[in-house]
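Now for the letters of each chain:
Number of protein chains: 2
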Amino acid sequence: MHKLTRQLQVKNNSKIVMLVADGLGGLPQQPGGLTELETANTPNLDALAKQGVCGGSIPVKPGISPGSGPGHLGLFGYDPLEYLIGRGALEATGIGFELQEGDVAIRCNFCTLDADGNITDRRAGRIPSEQSAPLAIKLREVSIPGIQVFVEPVKEHRFVIVFRGEGLGGNMADTDPQATGVPPLKPQATHPDSQKTAEVAEEFVRQACELLADQQAANACTLRGVSPKPNPPSYEEVYGLRAAAIAVYPMYKGLARLVGMDILGEAQTLDQQMAVLEENWDKYDFFFIHFKYTDSTGEDGNFEAKVKKTEEVDACVPRIMALGPDVFICTGDHSTPAMLSGHSWHPVPTLLVAKHCRTDRCESFGEAECLQGGLGQFEAKYLMPLALANAGRLAKFGA
Amino acid sequence: MHKLTRQLQVKNNSKIVMLVADGLGGLPQQPGGLTELETANTPNLDALAKQGVCGGSIPVKPGISPGSGPGHLGLFGYDPLEYLIGRGALEATGIGFELQEGDVAIRCNFCTLDADGNITDRRAGRIPSEQSAPLAIKLREVSIPGIQVFVEPVKEHRFVIVFRGEGLGGNMADTDPQATGVPPLKPQATHPDSQKTAEVAEEFVRQACELLADQQAANACTLRGVSPKPNPPSYEEVYGLRAAAIAVYPMYKGLARLVGMDILGEAQTLDQQMAVLEENWDKYDFFFIHFKYTDSTGEDGNFEAKVKKTEEVDACVPRIMALGPDVFICTGDHSTPAMLSGHSWHPVPTLLVAKHCRTDRCESFGEAECLQGGLGQFEAKYLMPLALANAGRLAKFGA
Numbered sequence: 030m031h032k033l034t035r036q037l038q039v040k041n042n043s044k045i046v047m048l049v050a051d052g053l054g055g056l057p058q059q060p061g062g063l064t065e066l067e068t069a070n071t072p073n074l075d076a077l078a079k080q081g082v083c084g085g086s087i088p089v090k091p092g093i094s095p096g097s098g099p100g101h102l103g104l105f106g107y108d109p110l111e112y113l114i115g116r117g118a119l120e121a122t123g124i125g126f127e128l129q130e131g132d133v134a135i136r137c138n139f140c141t142l143d144a145d146g147n148i149t150d151r152r153a154g155r156i157p158s159e160q161s162a163p164l165a166i167k168l169r170e171v172s173i174p175g176i177q178v179f180v181e182p183v184k185e186h187r188f189v190i191v192f193r194g195e196g197l198g199g200n201m202a203d204t205d206p207q208a209t210g211v212p213p214l215k216p217q218a219t220h221p222d223s224q225k226t227a228e229v230a231e232e233f234v235r236q237a238c239e240l241l242a243d244q245q246a247a248n249a250c251t252l253r254g255v256s257p258k259p260n261p262p263s264y265e266e267v268y269g270l271r272a273a274a275i276a277v278y279p280m281y282k283g284l285a286r287l288v289g290m291d292i293l294g295e296a297q298t299l300d301q302q303m304a305v306l307e308e309n310w311d312k313y314d315f316f317f318i319h320f321k322y323t324d325s326t327g328e329d330g331n332f333e334a335k336v337k338k339t340e341e342v343d344a345c346v347p348r349i350m351a352l353g354p355d356v357f358i359c360t361g362d363h364s365t366p367a368m369l370s371g372h373s374w375h376p377v378p379t380l381l382v383a384k385h386c387r388t389d390r391c392e393s394f395g396e397a398e399c400l401q402g403g404l405g406q407f408e409a410k411y412l413m414p415l416a417l418a419n420a421g422r423l424a425k426f427g428a
Numbered sequence: 030m031h032k033l034t035r036q037l038q039v040k041n042n043s044k045i046v047m048l049v050a051d052g053l054g055g056l057p058q059q060p061g062g063l064t065e066l067e068t069a070n071t072p073n074l075d076a077l078a079k080q081g082v083c084g085g086s087i088p089v090k091p092g093i094s095p096g097s098g099p100g101h102l103g104l105f106g107y108d109p110l111e112y113l114i115g116r117g118a119l120e121a122t123g124i125g126f127e128l129q130e131g132d133v134a135i136r137c138n139f140c141t142l143d144a145d146g147n148i149t150d151r152r153a154g155r156i157p158s159e160q161s162a163p164l165a166i167k168l169r170e171v172s173i174p175g176i177q178v179f180v181e182p183v184k185e186h187r188f189v190i191v192f193r194g195e196g197l198g199g200n201m202a203d204t205d206p207q208a209t210g211v212p213p214l215k216p217q218a219t220h221p222d223s224q225k226t227a228e229v230a231e232e233f234v235r236q237a238c239e240l241l242a243d244q245q246a247a248n249a250c251t252l253r254g255v256s257p258k259p260n261p262p263s264y265e266e267v268y269g270l271r272a273a274a275i276a277v278y279p280m281y282k283g284l285a286r287l288v289g290m291d292i293l294g295e296a297q298t299l300d301q302q303m304a305v306l307e308e309n310w311d312k313y314d315f316f317f318i319h320f321k322y323t324d325s326t327g328e329d330g331n332f333e334a335k336v337k338k339t340e341e342v343d344a345c346v347p348r349i350m351a352l353g354p355d356v357f358i359c360t361g362d363h364s365t366p367a368m369l370s371g372h373s374w375h376p377v378p379t380l381l382v383a384k385h386c387r388t389d390r391c392e393s394f395g396e397a398e399c400l401q402g403g404l405g406q407f408e409a410k411y412l413m414p415l416a417l418a419n420a421g422r423l424a425k426f427g428a
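These protein sequence lines map, in sequence, to chains A and B. Sequential numbering of the first sequence, starting at 30, is according to this note's numbering. Sequential numbering of the second sequence, starting at 30, is according to this note's numbering.
Careful, some of the hints might be misleading.
In this list, chains with the same sequence are indistinguishable; a pair is considered to hold if it fits within one copy or across any two.
Claimed, not checked - Once the Cα atoms are required to be at most 25 Å apart in a straight line, the calculated SDA-like pairs of lysine to any residue come out as:
#	residue 1	residue 2
1	Lys90	Leu110
2	Lys425	Ser370
3	Lys79	Gln401
4	Lys337	Ala246
5	Lys44	His385
6	Lys44	Pro414
7	Lys312	Gln301
8	Lys167	Gln236
9	Lys384	Ser370
10	Lys90	Val39
11	Lys425	Ile124
These are computed hints drawn from the structure, not numbers from a lab.
Between the sequences and the hints, there should be enough to build the whole structure, so can you do that?
So, in structure tokens, the structure goes:
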């Protein structure tokens, strides 16, 4: 698709807003019941569903439940099976670390070794964050010639390291043996381009163990999910869009940054996000607005709370529409039904409003109603081309 | 998709049943009328349609009418455009011949040659099976050093041979010139790996003509559809499922065996198939149940008979549901509308029932009703990932 959008892209003054309610799709609490979205009182989205065109977004492929990475890449129009984000890179992104070209990011676990060097606890007793964060910061003392080493605490036994320097590849095996009673594995390159990475990793682990020698629980570490900075082409390149993200959580800022969006403001609430949108309205063509709490309440299995959070999303819609976007989209990166307390594979209710969208018979915004929508069921990666088309930003293909 | 299902597969104790009514989809007898399935009295499937989620399965791609091979491979989740089954291999499979790795299977026709060695009848006067079967068996006398030669009668002028031995490739051109008044073509390898196959074939034909020299009609043979054993990965590999097939006809047992399913029982009726299912319920994760007669009555152009056979399918459903499958699917490998007396390209009504399937507004099981179903229209190859997801057998993709 990007070959097409690169070739056909047209510049104009249109504005596109994509409002992503994370984990928007849901399930009824009992057979024949209503989903979270269908239960929520959403007069603004319902009115837009009448006016616009609806459908069901399949995040990756039928049956596949995506994480946040592939879920958002799909919405951004990047085939999530083609653009893979390594676990280390995603973890770094999630804590707001700005990866540079050539960086190698690695997820690490503190672990416990016995006197013989065998692992007795792969998670160092799930050491609490208050204890593990200072230890991660202590590991910044590791010094490796020619390599910048960044160490960032994450949570409990988890932290992230990033190696920056010449000639580092991202092809290195995990050192976690996934078992106790054996020592951590030695860092091994899985491709010759990563020989130096393995050497650097070995030296890091050696010095880390020295620095942690006096610890009871967290006296060593294992390395996992070694990965380079993902390198998708930018929104400017593939769509010709000056794009901006208005998000609260570092993960979503990071994902937006990966595709070249500017990160706007320091908003902590949806109201503040709306203010940031209004302030920056003239400066960008495309705005990605991320709302986390429809997902987190779903993850908590809290149907009622997800209903409430969905209503908060609805309440912010008039402020967006008052700005007069040429294309307004409301969708989610995946479903997070409270009934499942987790991400699921179900298609995500999706709404697109634009002057020439060709409306359908949907009377409100919800899972069942979207089944009769004019967008049908479609893979998420096609949403951006639809947005561009509705914004008059795609020329005719062929003569 | 198999790369994903291999990576994401999760083991649990769930049970999946896929009930395939061959050729299930149909057409009304006159515009505005009902299809065979819509005409049939199917209270059990209708109740499940209310409870589950429906849609239309596109066997291969829109507009493509598949044979049994690609139709079933699609349902089994194997891209039918990627996994091709050669005609010789399908014919051998269809008569229950168990192909081994390295075998080469060939469809053969008895034909009639005149005194000059030119073909006068490409099908030996469509010689009846009672006469052709003993001739095929006589050809088992052919002896080729280092090669095991299997000859199996099929029907009328058709029989199958299988060569087993070292170094046999499946790349050999047909010897049927598709014309009379000319001699059969000499066996020719189309790739160097099949030089030996062509030599063996030439020797087979030479000896066969000697053995058939006293025959008036069937005094020679032509070779077509040369093909190796297809080698799709197994259900165990790609899905982590212990899978079993309960079928009556050799073709469907053969197709199931190709993807590593165990073939259970010797059932001749749907009732007996249900008994086999019940007996083996604890031993497998996945059951493929095949019912042939919705297709054969469709092929016969007998609308009423197909309606009756569809009702037989419905009647067996309570015995399946009594076992409490976690995921129950009813579909077909393609449509066989009685109005067309043959396979067609129309999407096949499909029903999936599972606890978290997210139901839709379908009130009964039929072509028109499935159009508003929550599965939408989907390629058959996505049915298995959906089944796995609904069975809780797929982990999240990406973080």
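Evaluated hints:
no., hint, result
1, Lys90 x Leu110, "both (9 Å within a copy, 18 Å between copies)"
2, Lys425 x Ser370, "between (44 Å within a copy, 13 Å between copies)"
3, Lys79 x Gln401, "both (12 Å within a copy, 17 Å between copies)"
4, Lys337 x Ala246, "neither (42 Å within a copy, 71 Å between copies)"
5, Lys44 x His385, "within (14 Å within a copy, 38 Å between copies)"
6, Lys44 x Pro414, "within (14 Å within a copy, 37 Å between copies)"
7, Lys312 x Gln301, "within (18 Å within a copy, 58 Å between copies)"
8, Lys167 x Gln236, "within (11 Å within a copy, 79 Å between copies)"
9, Lys384 x Ser370, "between (37 Å within a copy, 14 Å between copies)"
10, Lys90 x Val39, "between (29 Å within a copy, 18 Å between copies)"
11, Lys425 x Ile124, "between (42 Å within a copy, 21 Å between copies)"
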